Amino acid sequence: MQHRTAVAREEITFAAKDRFPLAGTLFQGDGDGPLALISSAAAVPRGIYARFAEHLVAERGFRAALTYDYRGVAGSRIPRDWKTRPSMADWAEKDMAAAIDRLESVAPGHAMVGIGQSFGGQGLGLCGRANRFDRYLMVAVMSGHWAYTAEPYKVFASMNLVGVPLALLTGRVPGWIGLGQTLPGTVFRQWARWGRSPDYFFADRKMDAARRFAEVRTPILSIGVEDDVWGTPKAQEAILKAYVNAPVERMRVSPAVTGQPIGHLGFFRPAFRDSLWKPAVDWLSDSPSSSSAIAS
Numbered sequence: 001m002q003h004r005t006a007v008a009r010e011e012i013t014f015a016a017k018d019r020f021p022l023a024g025t026l027f028q029g030d031g032d033g034p035l036a037l038i039s040s041a042a043a044v045p046r047g048i049y050a051r052f053a054e055h056l057v058a059e060r061g062f063r064a065a066l067t068y069d070y071r072g073v074a075g076s077r078i079p080r081d082w083k084t085r086p087s088m089a090d091w092a093e094k095d096m097a098a099a100i101d102r103l104e105s106v107a108p109g110h111a112m113v114g115i116g117q118s119f120g121g122q123g124l125g126l127c128g129r130a131n132r133f134d135r136y137l138m139v140a141v142m143s144g145h146w147a148y149t150a151e152p153y154k155v156f157a158s159m160n161l162v163g164v165p166l167a168l169l170t171g172r173v174p175g176w177i178g179l180g181q182t183l184p185g186t187v188f189r190q191w192a193r194w195g196r197s198p199d200y201f202f203a204d205r206k207m208d209a210a211r212r213f214a215e216v217r218t219p220i221l222s223i224g225v226e227d228d229v230w231g232t233p234k235a236q237e238a239i240l241k242a243y244v245n246a247p248v249e250r251m252r253v254s255p256a257v258t259g260q261p262i263g264h265l266g267f268f269r270p271a272f273r274d275s276l277w278k279p280a281v282d283w284l285s286d287s288p289s290s291s292s293a294i295a296s
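Residue numbers (this note's numbering): 1 to 296.
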């Protein structure tokens, strides 16, 4: 029988190292399982992960789970007096690192695992704190290079012919172009610039990403989704191959497993509690149950 407990849910604000205020939701219970940090996909609000976070704490005995919004996304609005232009790199280097510290404060030294969707999987290699995680689950991680997507010309047009001009003209890119929440223009332009290169941010000398990814030794389970337009096998591998010193398990799942579409963001829908969540959380918990149960 699964552990069940009451969940204390708290809306919090915590500061990145540059004092940027970040919005988060902390879920706590009385279990002795690991702490879990859930890092979002690009331009996706933390709210879509709430049911999964509650599940970890209430039904799987995790000590606590933290969801949070990157700067400029959803609840982490840019203060009116903020002078520094935000970047996508800040999301991993400053925001994810701060979220690790905030979760650490709940139970210092306690076991911690991570869940990263899309950009949240890229962030493991850029946050400089990967060694804090005992295990890391990646869902729909992928390179943002337009040509690796299943709809390359549509993605290229949305990013570069619509998004970039809007970013330059208005200083922001609204969610209606099909990429999620409204983003600060400087964040979007860095994302689009990276995406124009087959090497993504590995081509950006300022990022020094190859070296940083090579420092990661955390065990990784990467789950790709067959009906994900963004996370094609080629896009997934373009990120995973850079984790050269980490043990990486690769897996692809099909809508045939769930009986309904999954897509880029669908993994975290409660309807997939048994078909997708259970074996993935078993792996995070280092349970004897095999993650191969969700393979297509």
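Misleading hints may appear alongside valid ones.
Subject to a maximum C-alpha distance of 25 angstroms in a straight line, what follows is the list of computed DSS-like cross-link-like pairs (lysine-lysine) [said to hold, decoys possible]:
{"#": "1", "residue 1": "Lys83", "residue 2": "Lys241"}
{"#": "2", "residue 1": "Lys206", "residue 2": "Lys241"}
{"#": "3", "residue 1": "Lys83", "residue 2": "Lys17"}
{"#": "4", "residue 1": "Lys17", "residue 2": "Lys206"}
{"#": "5", "residue 1": "Lys154", "residue 2": "Lys83"}
It should be emphasised that the hints constitute simulated quantities derived from the structure, not laboratory data. This structure is a prediction, so every number in the text was calculated from the model and none was measured.
Hints and how they fare:
no.: 1; hint: Lys83 x Lys241; verdict: violated, 37 angstroms
no.: 2; hint: Lys206 x Lys241; verdict: holds, 20 angstroms
no.: 3; hint: Lys83 x Lys17; verdict: holds, 15 angstroms
no.: 4; hint: Lys17 x Lys206; verdict: holds, 19 angstroms
no.: 5; hint: Lys154 x Lys83; verdict: violated, 34 angstroms
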